[in-house]
Amino acid sequence: MNIPLNITKTIHDWLFSIMPEGVATVTEWVIVAAAYLALFAVVGLYLVLLERKVAAWFQLRLGPNRVGPWGIFQTMADALKLVSKELTSNTKIDKFLYNLAPYFVILSSLIAIGVFPFSRQFQALDINIGIFFLFAISSIGVIGILLAGWSSNNKFSMIGAMRSGLQTISYELSVGLSMLTMVLLTGSLQLSEIIEVQRTGGWLIIQGHIPAIIAFMIFMIAGTAETNRAPFDLVEAESELGAGFHTEYSGMKFAYFFLAEFINMFIIASIAVVLFFGGWLSPFGITDDITWFPESIWFVIKVLGIIFLMMWFRWTFPRLRVDQLLTLEWKYLLPINLVNLVLMAIIIWLNWTI
Amino acid sequence: MKNEDLQNIINSFGENLEFTTEESEFLNVIVPKEQLHEVCEQLKINPDLKFDYLYCLTGMDWGGDLGVIYHLESTELKHLVVVKVKTDDRENPTLDSVCDIWRTAEFHEMEVYDFFGIKFNNHPNLKRLFLTPDWDGWPLRKDYVDEANMIIK
Amino acid sequence: MVEKEIVNKMKTEEYFVNMGPQHPAAHGVLRLLLTIDGEIIKNVDPDLGYIHRSIEKMCERDSYQQIVHLTDRMDYLSSHINNEAVCLAVEKGLDIEVSDRVKVIRTIISELTRLASHQLWWGVMGMDLGALTTYFYAFRDREYINDIFEETCGARLTMNYNIPGGLMYDIHPNFVNRVKEFLVHFKTKLPEYDRLLTGNVIFQKRTKGVGVLTKEDAISYGATGPVGRGSGFACDVRKKHPYSAYDRVEFKEALFTEGDSLARYKVRIMEMWESMSIIDQLIDNIPEGDIKTPTKAVIKLPKGEFYQRVEAARGELGVYINSTGTKNPYRVKFRSSGFSNLSVLNHITKGAKIADLVATMASFDFVIPDIDR
Amino acid sequence: MSYFSDIYNGIKTLLTGMSVTGGYFIRARKGSITQQYPDNRETLKMFDRFRGEVVMPHDENNEHYCTGCQSCEIACPNGSIEIVWDRQVDPETGKKKKMIDKHIYHLGMCTMCGLCIESCPTDAIVWAQNYENSVYDRKYLTKVLNQPGSKVKAGIED
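Protein chains in written order, with my numbering: chain G, 1 to 354; chain H, 1 to 153; chain U, 1 to 373; chain R, 1 to 158.
For reference, chain G alone in the conformation it holds in the complex:
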């Protein structure tokens, strides 16, 4: 545990003073996990609200404005409604897999947030293969989607799930390769170290200039595809498949899928911020000297910026077709990415970084 904030330190000391060491460690894990869970439930809910507001402003509407001032409690009310709703299900479903699927999806999203470096101190786990871990965990979610589509005994769900499978598997490559391009610059997979590199040399997108910008664009495209959001929302494709893989889910199980989508968006945006925009580092170091300034604010601002970009995509573009989706990946993104990787290597070799 690497959370040496004052309050956490107090709790840490207190726990270790009243319990044996092993029990105290486990208790601490549970507390941290519960705190993260609560935090991300709120983050997910407010991202939903943000999405609805942003969508409304793009579309000349007002957005939610009834529950609380400017509708800030709208998604809370929605969540409450979803919790209280009956969990209906289709007949002839595969009960076990049907019930398992939402947990797969939500858990894979929640595991990933464990390694986020919100600030220098605010990071639950700083493992040395951080990027790799994020990359690996974010791929698990697709199993849940596949299971959901398969088990719910609905052909539309099934088509959606199959689309999701091929989409995630192919776009994994681009996400991975564009991450790798940036890792070339940092020479480390550890998230905290990646950010430290940027403290001296400037943000990676500036350090790596051309290949970094290309990598960023590819990462944004592939990341949007990873999270199954428009223009890559073939998995749901409401005008084609009704609601895709979660057609047959209701109540809280549906909410898990819904929440997972937004947390995934947060994850992708976080990775982008860490890899390209210096994580919690302030721009030009303007708040470096202010010791009391919570650096996680910079992290959140940058993440929100990236999320806004993804929302902008969603509310502007039409959806791609399945074969076009694969064409984009295999004929455009992947070759460009490979070339880009070599380009980055050359730039580092010749020491042309800024």
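The set of hints was computed from the structure by calculation and includes no laboratory data.
Think of the CB as a built atom: it goes at the ideal place given N, C-alpha and C, for glycine as much as any other residue.
Treat the hints loosely; a few may be bogus.
[To be verified] Computed, partial: chain H to chain U, Cβ under 7 Å:
hint: 1; residue: Glu23
hint: 2; residue: Ser24
hint: 3; residue: Lys50
hint: 4; residue: Asp52
hint: 5; residue: Cys56
hint: 6; residue: Thr58
hint: 7; residue: Thr75
hint: 8; residue: Trp102
hint: 9; residue: Thr104
hint: 10; residue: Glu106
hint: 11; residue: Phe107
hint: 12; residue: Leu129
hint: 13; residue: Phe130
hint: 14; residue: Leu140
Based on the hints, put chains H, U and R in the right spot on chain G.
Just chains H, U and R, lined up with the frame of chain G:
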């Protein structure tokens, strides 16, 4: 092309064709049902007529006779003609399908079958299109009675 | 060769999917029975009748004034044009000529209806392809037209403004100004439609070469309106058989020869420009004249058959009235454009993907009450 | 080469599209196109010709213009109007004459086509501009248009 010229050409396509322009703005050709397909095919392929566009296909119940009215137009030569075909068999009316000549007839004939009960020979997929398959009766016929759903003024 | 072997080895199983009656892309209660192999469509079998109200049978019961309002409910997005078709047919039967004022007003409102219909279609087309924002931009602009209708006709959608022999009442004094205001507004917004959707690379990829309909097929299937004109079939009734005031205005018939969804899209965008130009030509000089040509309170058409064709927003609308001389029509048939256009669907979507079917249906712009009547 | 121009054009068109929506996003403060309906009841005014429902205006003497000629009943396509009438002795002239008892209007069946109002020779019925017609029971949609105790204004038949 004038209606008289049309009449002269069409007259050679079959026997017992009746022509009339009364009570209508178009030239009406009343074709015996046995010759329907043959005459229609000629109307389509004859280089002077080229009726390639069937813009309306109407099922009709003339009280005694059942039948179909074909409104035809030539997109190239810009003339119009109306073909009528009648059958006096109300129990099991059967006509030849023209959907191999004008593909649009496929759906329109299904509609006519649905509402008038006129069967079409050689139709690829004749079924109840609007009504449920177990519907009883042919609603647009004049002798159709449905006391529950029809309000007569 | 190798490919063939692989295909033979990988035997796939076809399955059926019910697309509709409640499906977001069906825009109503259209049910398509799809035979699908993976994502590839093998067969599309439409099953209709979910909103069939038997308008043709109801017409046999009603008087000639009364059947007009039933046609509002057919293609509810071009309700004025449907009304006009019936009124023109009845006027043809009665052999009365309406005044120039009526003709011009009918034409202007018809074109406004067409614009409103195409605007809605544009929004829905974007929505079907996944760009939800188009819907709201389209509705913003459509609101102007609906307000004009509401002010003049009293209703926004099912207006019933026409009566046999003219119009129900004169246009509202604000009508001309409001139409001009709308034209100024929409002329700035239509290029925006292009920038947002038409040029978009994803949109182009989704529609180009999708659902290709050849000219021969379009004629044979009776596909009219933007569907036919997208395939190069010059089927504009306004040009072929001018009615109302269409013979005194200059406009181009939007014709494209590609026959794909993009061509149909372009036809509609071009038609919007043409509609605006038609309104531009007429709005400043609406002639004076009677708003109604007097008819008897009980209209009795002479014995005979009357056929009137008009260009509705989705294609050719034909009204066939068979009269036996009584106060009710003996038989009324509406040749609706949607019904003929629907018959093409199976032909052109075979072998396409589900997403292509949605794109094709969006470009066809089905209104289900028009198909079912 | 077209490979790269495709990419360039693709990105360019995508950015053009984004500039349109982005422009609206920035201008979103100027107000939306939606109406906050139940809140703006005070200011919401229908157009004069708006077809809300059919009403029968009465003047201050509780007199209306309906002579009971039934042309609206005949003109109505869906039987939304029923007129209950009988012949009564006119107190002024002493002649027997047609008087309406009840002018019944089924709002639930009305399609707002306006044919009844068109056909009315005395302009006894007009459109009202109210737009909130929903009720909790269907029976409330059947309305009697003439007020209780009202009578036809004298001299309207002529």
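Right, here's what the structure says about each hint:
no.: 1; hint: Glu23; in the structure: holds (3 Å)
no.: 2; hint: Ser24; in the structure: holds (5 Å)
no.: 3; hint: Lys50; in the structure: violated (10 Å)
no.: 4; hint: Asp52; in the structure: holds (5 Å)
no.: 5; hint: Cys56; in the structure: holds (4 Å)
no.: 6; hint: Thr58; in the structure: holds (4 Å)
no.: 7; hint: Thr75; in the structure: holds (6 Å)
no.: 8; hint: Trp102; in the structure: holds (6 Å)
no.: 9; hint: Thr104; in the structure: holds (3 Å)
no.: 10; hint: Glu106; in the structure: holds (6 Å)
no.: 11; hint: Phe107; in the structure: holds (4 Å)
no.: 12; hint: Leu129; in the structure: holds (6 Å)
no.: 13; hint: Phe130; in the structure: holds (3 Å)
no.: 14; hint: Leu140; in the structure: holds (6 Å)
The earlier numbered hint that this structure contradicts is number 3, and it is the only one.
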